[in-house]
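Trainee: So the protein lines, in turn, are chains A and B. Each residue of the first sequence is one higher than the one before, starting from 3 at the first, in our numbering. Each residue of the second sequence is one higher than the one before, starting from 863 at the first, in our numbering.
Because the hints were derived from the structure by calculation, they are not lab data. Don't take every hint at face value.
Estimated spans, in silico, between C-beta atoms of each pair [unchecked claim]: (1) 336(A) with 888(B): 41 to 47 angstroms; (2) 959(B) with 46(A): 40 to 46 angstroms; (3) 922(B) with 63(A): 29 to 35 angstroms; (4) 23(A) with 863(B): 49 to 55 angstroms; (5) 335(A) with 970(B): 34 to 40 angstroms; (6) 908(B) with 332(A): 55 to 61 angstroms; (7) 945(B) with 160(A): 32 to 38 angstroms.
In silico lysine-lysine, DSS-like type, Cα no more than 27 angstroms apart, as pairs [said to hold, decoys possible]: (8) 163(A) with 987(B); (9) 950(B) with 939(B); (10) 970(B) with 158(A); (11) 162(A) with 979(B); (12) 970(B) with 370(A); (13) 892(B) with 370(A); (14) 950(B) with 979(B); (15) 158(A) with 931(B); (16) 931(B) with 987(B).
Virtual Cβ for every residue (Gly too), placed ideally from N, Cα, C.
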Amino acid sequence: MRLGVFQSPTKVLFGEGTISGIGDEISQFGASKPLLVTDKVLLEKGVLEPVLRSLDESGFGKLPIFSDVPPDSDVECVRQAAAFARQAKADLVIACGGGSVIDTAKVLNIGLSLPGDLLEYEGINSFSQALKPLIAVPTTAGTGSEMSAVAMIMDKANGKKLIFGSRYLYADLAILDPNLLCSLPPRLTAGTGMDALTHCLEAYVSLGANVIADALCLDAMALIFQNLKLATTNGDDPEARANTLLASAMAGMAFTNTGVGIVHALAHTIGGAFGTHHGLTNAVFLPYGMNFNMPSSYERYARCWRHLCSLDPGASGAKYGISAKLVMEADFEKDARSLVKAVSDLADSCSIPKRLRDLGVPELADDKILELAAVAGTDPAIMFNPQEASIEDLSNLIREAY
Amino acid sequence: MPVFSSTEELQEVMFTLWNEMKGNPEIAEKLISSRLIVQFQYKDPHGLLTVDCLDGKEMKIIVGKTELKPVIEMSMKADVAHEFWLGKVNVPMALMMGKIVSKGPTPKALALLPVIKPAYSIYPKVWELKGKNQRVG
Ligand SMILES: NC(=O)c1ccc[n+]([C@@H]2O[C@H](COP(=O)([O-])OP(=O)(O)OC[C@H]3O[C@@H](n4cnc5c(N)ncnc54)[C@H](O)[C@@H]3O)[C@@H](O)[C@H]2O)c1
Ligand SMILES: [Fe+2]
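This is chain B alone, in the form it adopts within the complex (with noise of 0.2 angstroms):
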């Protein structure tokens, strides 16, 4: 049973956290400053979510289809993504599985692990609280 009911579900759950990290000072400025554009795109269930930071000053969170073309893409199945935020994943075990797909400029997509790390522990409280439509922090 993959651990998200429903595409709704998903990018719910993935849009709150990444708000929650837009509003956090020491990731944001980060994640800004890379001015990249990354695309999450999920499978089981199918799902999208885009973070922009092309422009260096702003964080944008785009759920579901855009016209964006991302810089680096990151494809994985909904479950592994969980587990990513739960801080289970080796990333670069699991691109060597083939569990993880990493398309464009690999070394600028792992240099953002370090940045989002802190977010590991914002998770559990966002998938505690989905449906509930509550902020977290």
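For reference, chain A alone in the conformation it holds in the complex (with noise of 0.2 angstroms):
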């Protein structure tokens, strides 16, 4: 049997209404002065209401808040917000938001825990104390984050993000509540979506795969096929909502043990240079990285195909924003070909760009693709791709998805 490691020690509250439960869940932890830690977004348009009113009702109402987190957030606020934290005092730290928010709540975790500067303790393993007690609450249904050991800040005078990961950054508890998200655009919840599918078919092929992690892959894609159209045309729909956010936090197990691939190294890269969304970019490069990786995932990715018939084999694919029935061949290539094509359908159904360009990434030139590509080359995520990848490789790749 290959070497593996499978951890995700954080306990999971889902369904409609869960974060009601928030007030009886800080004091379990014995913390009595927490800290919110969310974006203006969220709370200009009352998103948090249901959030400010748990808190309210188990006498918490009053609780410092750091709304201050910009989309990729970066290390200057997270500096400030580990210092606002330092200054509360805060003995929990509560992270309502996307990935972003989360992320931040996490690397101000480390400050607000550790001695030092935060950012002496970035990389991986880089610190061996537990932190403050950290609740995450995701209003996204992508990244993953609440279940993630990793966080990842942007460094804006180098243009690079700054990876956190250790056992510590996992979320002690995740509150996945369907109605927070509900406000969220279409466009965001596609994207967000996508994160998360290519974060199962990353996971699922990678060179960190192990059984745990694939079980997780498959029901979790497959929750995205049968939900994401539906949550995206139709936000208020409670079910969609909720099985998007349970199919995210699962991928987010998955893949925080196993690693993901060169889709995630070269949105990273793409995402970094040019502020594009995350999950938006990833949507971008998914059939093309998987067309890349098909020489050495064609089975695994046929696979995921056959799972995804099993559950309604012989169904036309239209309510779940594919173009083709559901149906399984007796050959490995064609049903890998078959999910890739599966994979763009629900990417168009859901109204995604398709390339780069559109996503506002300006015309390149072949030194900057080169010089793109080789940033792509050291992405950490790259070291668990299926497939090798060259510098002209990963600059083909962006070519293609530009």
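Make the complex out of the two chains shown on their own, each in a separate frame, by following the hints.
Mentor: Structure representation (structure tokens):
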């Protein structure tokens, strides 16, 4: 048996209205001074109403709130947040928002809980002490950060993302309440959902793949195919929201144990250089990345397609945003291609832009493409990709996706 | 039983290995152009080795304590380092399993892996000749 590792220490509460239990949960941690981390959009749109109400009802109504988190949070923001948290003498951190908010909360918690400057802890496994308890309440269904042991923060001065990875970065509790997602606009619903789908499909073929993660990937992938189109077109559908939220958390449990791959390496690079949304950028690269990985992974992709078909054999794919019928062939390669087509169809059915240029990436000269490919070539994500990729391969993928 | 019997033995082997890399233009040039200071911190037995390429001109190898502030710190058991140089460690998996600690910019650390890979073929000879104070190449 191949060596492997799997851990997932986060308690998960899921279902409509679960946010109302947050006060009890805080008390169970023995905390008395929780801090809420969120962003301005969520505060202004009233997304946080149910959260604030629950906190108020449980006696935490006057808790300090840090809401200056921009999309793709940066070092400056995290330093400010950590100083704010220290000043408030916070003994527990609640992150309520998308991946940017949750990642900010994870890194601010390092600054709050450990001595010295938080940048000293950049790296993998670079600290070995537990941090203050962290409760993650995702308001997007995509990053899986509520279940992962990593956080990424932008270093704007150097135009790169800093990576923090540690078993102590797992949230202690994740509350998955689909009602908090009803206000998520279609484009972000679709983009974040494609991030989760990318986590499934990259984790499933990763060099770090293992059977425990496989099971999570297959079912999370199916939940996304079955619900993402509906969640995007009818954001008030609680069932579709709940299923995409669960899928995102399951995919997060999987990828944090297996690593991701070439699609994430490219998306991190393009996102770092041009500020494109993480999930949408993954969505653009995903079919190209899968085709690139085909020689090593077609059998694994075929298994994904077959799993999907087995749940609704022979059905028309229309309700899942897929153009073909859910039929499996006797041939792995054909089924693998059906999966890639289904991924493109799903993105189309959710009106996701097809190309980097549609995401606002400017036209790129050859030397710029080479430079970006070199960055992607050292992104930690690529170390887990099943197919070795040269700088030329990566350049070609950027060109194709442009 | 750890593969290295003492700090002296560990540091001698690692120094000899890095000195061989320094003498190999194919490896040395790329390391020097990285302009990084990388420190290896070993456990069981304890050991410390720092490779300083900061000036972009020369590769300096420092055994034991130093005042230099490394850009990247890699910590692991000496046994893991031994297995690594024998080409038997998948670094991303070892990071994931908590066997290696990488402090500092992880992409820069991972970018060095292909650069030092040719040294996998040097290491068995270094290991064989340990304690004999002989050059490998
Ligand atoms: N740590 C991990 O494991 C991990 C994994 C993948 C991605 N990420 C990171 O996550 C970030 C992306 O996160 P994201 O995709 O969730 O987007 P995001 O957190 O950047 O949010 C995008 C926008 O959506 C808004 N928003 C969020 N929830 C909403 C809601 N319910 N209603 C209305 N608006 C809402 C936000 O205010 C924001 O303006 C990137 O920085 C990426 O690097 C982290
Ligand atoms: Fe992602």
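Trainee: Hint by hint, say whether it matches the structure.
Mentor: Against the structure, the hints come out as follows:
At about 45 angstroms, the beta-carbon gap between residue 336(A) and residue 888(B) stays in the expected band of 41 to 47 angstroms. At roughly 43 angstroms, the beta carbons of residue 959(B) and residue 46(A) sit within the given window of 40 to 46 angstroms. A hinted range of 29 to 35 angstroms for the beta carbons of residue 922(B) and residue 63(A) is inconsistent with their spacing of about 59 angstroms. The beta-carbon spacing between residue 23(A) and residue 863(B), approximately 52 angstroms, falls within the hinted interval of 49 to 55 angstroms.
The hint said 34 to 40 angstroms for the Cβ distance between residue 335(A) and residue 970(B), and at roughly 38 angstroms that hint holds. The beta-carbon spacing between residue 908(B) and residue 332(A), approximately 59 angstroms, falls within the hinted interval of 55 to 61 angstroms. Hint check: residue 945(B) to residue 160(A), Cβ distance near 34 angstroms, so the stated range 32 to 38 angstroms holds. Restraint check for residue 163(A) and residue 987(B): not satisfied, since their Cα atoms lie roughly 39 angstroms apart, outside the 27 angstroms limit.
Only pairs whose Cα atoms come within 27 angstroms are accepted, and residue 950(B) paired with residue 939(B) is accepted, the gap being roughly 14 angstroms. For the suggested pair residue 970(B) and residue 158(A), the alpha carbons sit about 17 angstroms apart, so the restraint of at most 27 angstroms is met. For the hint linking residue 162(A) to residue 979(B), the alpha-carbon distance of about 26 angstroms falls within 27 angstroms, and the restraint holds. At roughly 19 angstroms between alpha-carbon atoms, residue 970(B) and residue 370(A) fall within 27 angstroms of each other, so this suggested pair holds.
For the proposed pair residue 892(B) and residue 370(A), the alpha carbon gap of about 21 angstroms is at most 27 angstroms, so the pair holds. Restraint check for residue 950(B) and residue 979(B): satisfied, since their Cα atoms lie roughly 12 angstroms apart, inside the 27 angstroms limit. Of the supplied pair hints, the one linking residue 158(A) and residue 931(B) holds, its CA atoms being roughly 23 angstroms apart against a limit of 27 angstroms. Among the hinted pairs, residue 931(B) with residue 987(B) is inconsistent with the structure: their alpha-carbon atoms are about 31 angstroms apart, more than 27 angstroms.
Comparing the model with each earlier hint shows violations of hints 3, 8 and 16; every other hint is respected.
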